[in-house]
Each structure stands twice: as C-alpha cells, then as structure tokens.
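Mind docking chain H on chain A? Use the hints.
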Amino acid sequence: MSLLEVHDLKVAYGGIHALKGISLSVAQGELVALIGSNGAGKTTTLKALAGLLPYSGKAHYQNTSLLHRASHQRVLDGIALVPEGRGVFARMSVLENLQMGAYIRHDKEIAQDIERIYDLFPRLAERRSQLAGTLSGGEQQMVAMGRALMSRPTLLMLDEPSMGLAPLMVEKIFDTIRNISAQGVSILLVEQNAKLALEVAQRGYVLENGNITLEDSAANLLGSAAVQRAYLGS
Amino acid sequence: MDILLQQIINGLVQGSVYALVALGYTMVYGILGLINFAHGEVVMVGAMIALAAIQVLLAAALSPLLVLLLSVLLAVAVCMALGYSIERIAYRPLRHAPRLAPLITAIGVSFVLQNLAMIIWGREYHSFPQLLPNASHHIGGAIITEVQITIVLIAILVMTGLMLLVHRTRLGRAMRAVAENQTSASLMGVNINKVISTTFMLGSALAAIAGIMVSANYGVVHYYMGFMLGLKAFTAAVLGGIGNLRGAMLGGVLLGLIESLGAGYMGALTGGILGSHYQDALAFVVLIAVLVFRPSGLLGERVSERA
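Chain order of the listed sequences is A and H.
Be aware that the first sequence starts at 121, since it is given in this note's numbering, and climbs by one per residue.
Be aware that the second sequence starts at 71, since it is given in this note's numbering, and climbs by one per residue.
Read the hints as simulated data drawn from the structure, not as lab findings.
Heads up, some of the hints might be wrong.
Stated by the list, open to error - Incomplete in silico selection of chain A near chain H, CB under 8 Å:
(1) L196
(2) G198
(3) L201
(4) E216
(5) M220
(6) I224
Said to hold, decoys possible - Computed spacing ranges between beta-carbons, pair by pair:
(7) A:A245 / H:L241: 46 to 54 Å
(8) A:R211 / H:S197: 45 to 53 Å
(9) H:L223 / A:T254: 32 to 40 Å
(10) A:S256 / H:L170: 51 to 59 Å
(11) H:A359 / A:S157: 48 to 56 Å
Each residue gets a CB set at the ideal place from its N, CA and C atoms; glycine is no exception.
Only chain A is shown next, with the shape it has when bound in the complex:
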C-alpha cells in the first residue's frame, strides 16, 4: 500500500473543472514528479492534497482519508507543502521562519533540526537573523523548503521550486531535493521544467487539462517521444 493514494480526484472552481478525476500514488521514500504545462492542474492537485481546496474523489494518506482533515491537521499527518511563490513570512527572520516550520512540534530536538537545515543550506545560516522578505528568490526558496522540513514531514510536496530562479540556484535547489529524497522523505514534485523534474524523480505523471495522460518511470518518460515533443522541446 502506498503512502499517498489518490483516486478519481476532482476539483472545481466555480464552474471550471480544474481536475477531472486524476489518480496517482506516492510510495514510501519515492520521489514522484508531476509535470505538465501551465494551467494543467498541477498546483491545484497539490493545493487539494494540502487542504487548501475542497475536492471530491478519494485521497488517502497512510490509509486514512484526507477529506475532512483541515490544512493545519494535514501537517500533523505528515504532509508539508512548499507552495508556489514560496509564501515565506517576509516580516520574520530566517530563524523565525524555521521556528514556524516546527510549530506543530513540542520535542527537544527543534534547535538541533534548525542546525541541520543550516547544514543543508549554509546560505541560510549566514542570514539567520535577516528578515526573510529581504532575501533573494533562491534564498527564499531555501527558507520555504527548510521551513517545510522543520515539521519532519513524511511527504514533502514541492510546487515549482525552480520558478524564477537563476540556473545556478536551480541546480543547487535540485541537488538539495535529491539530498532530501536520499534521507528517506517521500516527495511529490510539481515542475514545469519537465527535464529537471524527471532527472531527479523515480516515476512521473503527465497532467494535461486536468487529466493524467501518461504515467511511467521517469527514465521512460524522459525517453518517450510524446513527452519529448510536448515538454522537452526536441
């Protein structure tokens, strides 16, 4: 049984059907990419799973339905979302952002985990007392990811982590994603940059107009003619 089981998930905003019944799964420790063009429904999927949008259909996490779990409760369940646009607390310091990430925790290892995040992102250690709003886009992405990790999630959902970042920074972020995955955290990665996403992922899904049109191992998707034509520009 997978960690996350989604079956026939539908989301509608007003009259618009953003998701028309998608099914996907993420196994324990797996890194799964969800790729697709702008407006395909990628962000909607993550928002529905994080409890920010109502859905119909089935979404089970660790064999328990998410349907009536509010967004703050799903953090307790072990699901963390790094949202599109990062959503850092601009008027709080880097350290306070990380402490907010540990909001649900009451154990004694929080300080230790903050040091671990600083090891993962040395840049944040240098800027720990700086207001997050004054950081560059890449640094804010680090804050958002570090903050999400502070809740010790079992499933980390990343929404467009490469968006708006310089190539060097994108590389750094994706190195870290590999690193986090290697530590055993399951990851559901949403990316417009299909090549990047499929290079780090084990499996992938292609989302088009609210439907999943392809699913396969990341390697097969990278090699598939359809994906190459539509998303890899070759």
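What follows is chain H alone, placed relative to chain A:
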C-alpha cells in the same frame, strides 16, 4: 501649580488607557484587516462588570485590594468571553464577505452591546468606588494621585507582557504568521480560527483593564462611555499606524498628551475663542490630519503592502 507638568501627567494617564484600547483595534486589524468598532463597548462592559463585582464583594466585607483584584479578574474573564463570542457569532460567518459587510456588522454589534448595557444598567451615571488609597503626591508643582500612578504602571506592565508574548512565544509567532499570510500559517499547522479567537480574547482582556482604569480615574461608569473612548483609541491606532503594535502604544500616549496639552493651552492660544471643552474635537482633528498627511501612520508600513 505647574500647568505644563500637570497636563503632561494627565496626558500620560489618559494616553495609557488609549494605548491599551488601541492595541485591541490594531491586533484585530493586523490579523483580519477588520476595524472592530464594537471594541469600545467591550471597554464599557469591562467597567460595568467590575463595578457590579465590586458592589457585591464590598458588601461581603472583603479587603479593598482583594475586591479590586477579584473584580479585575472577573471583568477580564467576562470580556474575553465576550470578545470570543463577538468574533464567533458576528465576524466569522463574514470572513470571506466583502470588507464592507463585517464593518457594518461591527457597528451593529456596537449598538447591540450599548443597548443591552442600557437595559441592564440603566441610563444613569454610576459612581465607581475608590478602592485604592486616595493619596496624592506633589511633583514640581503638579499633583499625581496614587490611582494615576497605578494606571500608568499597570499599563506599562501589561504592554510589556503583550510585547513579550507577541515576540517571544510560540503563540505570538503564530499570531504574527497569521497576520502576515494565513495560507502559509495554516501550512505550518497553525489553526487559523484558534489564533483569531485568541487575538480577540487578548484584545478584550486589555479592553477590560482599560475600562477599569478610566472608571477608577474619573470615578464614574456609564453605558455610553465606550463609544467616545473607542473612537479615540481607534484614532490613536491610526495615528501610530494601524496594524502595528508599537504604533498603537505610541499613538495612544501621543493622543493622550495632545488632548490634555490642547485642553490646557487652547484657551490661551486662541485668545479665549476656543476653550478646553474642544478637547474631544482635537482627537478628530488629529485623525483627519493623519489621514490626509500620513495615512500609514507614524510607524505604519506602506498601505500597498497589504494585498
């Protein structure tokens, strides 16, 4: 008697009260973007409850200090429950409504509370018993009573406590997180509704304390007392920069000083045309001046930052 020093003392005392009430406005605004116009009535309810408790407890022949302490605790508890209920009943159902709807509701809640108080406690002025020693001290030609000293000290204590709570505790961090970005806060596992309720309760607790302070200072309680006080505290919050805690405290103290100095010198400055009875108008001149020249207030951030 030194008029300047005396007016400064009076201004600081009144300013302390404004500051406590202004904090309630600014905390709710910071988190919901809502002007809770019913907040002034919570101040009045705090004073009324304290008075009722004092009358009962004095009849039971307890020591005055114990009576005061118990009455303050009861008034704070009742006001916290009231603040919680106002949010739960009147504002939460309108959380996603256009901004005008909760604003009008706030004014409605204010009228309801005022009229309820009038029905329960009547239209007359009630005298508020003197529980602290009625001694006063002379400083450089000015007089300050022990009640006034107590008011200022307690206000400083309460405000220091609030600042520590907001900046040093997990709850305070959650409040700031919700104020800044509700979606992100909920993704951290923060129960937004709980934090909003807590904010209303904290603001109401400060209002109860402020209500008792004014009543003790002037010796009277009246069902209408929260209206003008609330408007002035709102002015103080705007003066300091609404949504900003330090701004509310600064604005409160400044408004108290402006009012009392204005009242003290207006007659002399205008050659007797305007007298000290224009004191109330002065607060609103300040409000208009702030809105025209510095809408974001003294310590406020650029308005455009709020989406």
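| request: Go through the numbered hints given earlier and state which of them the structure violates, listing their numbers in rising order. | output: Numbers 2, 7 and 10, in rising order.
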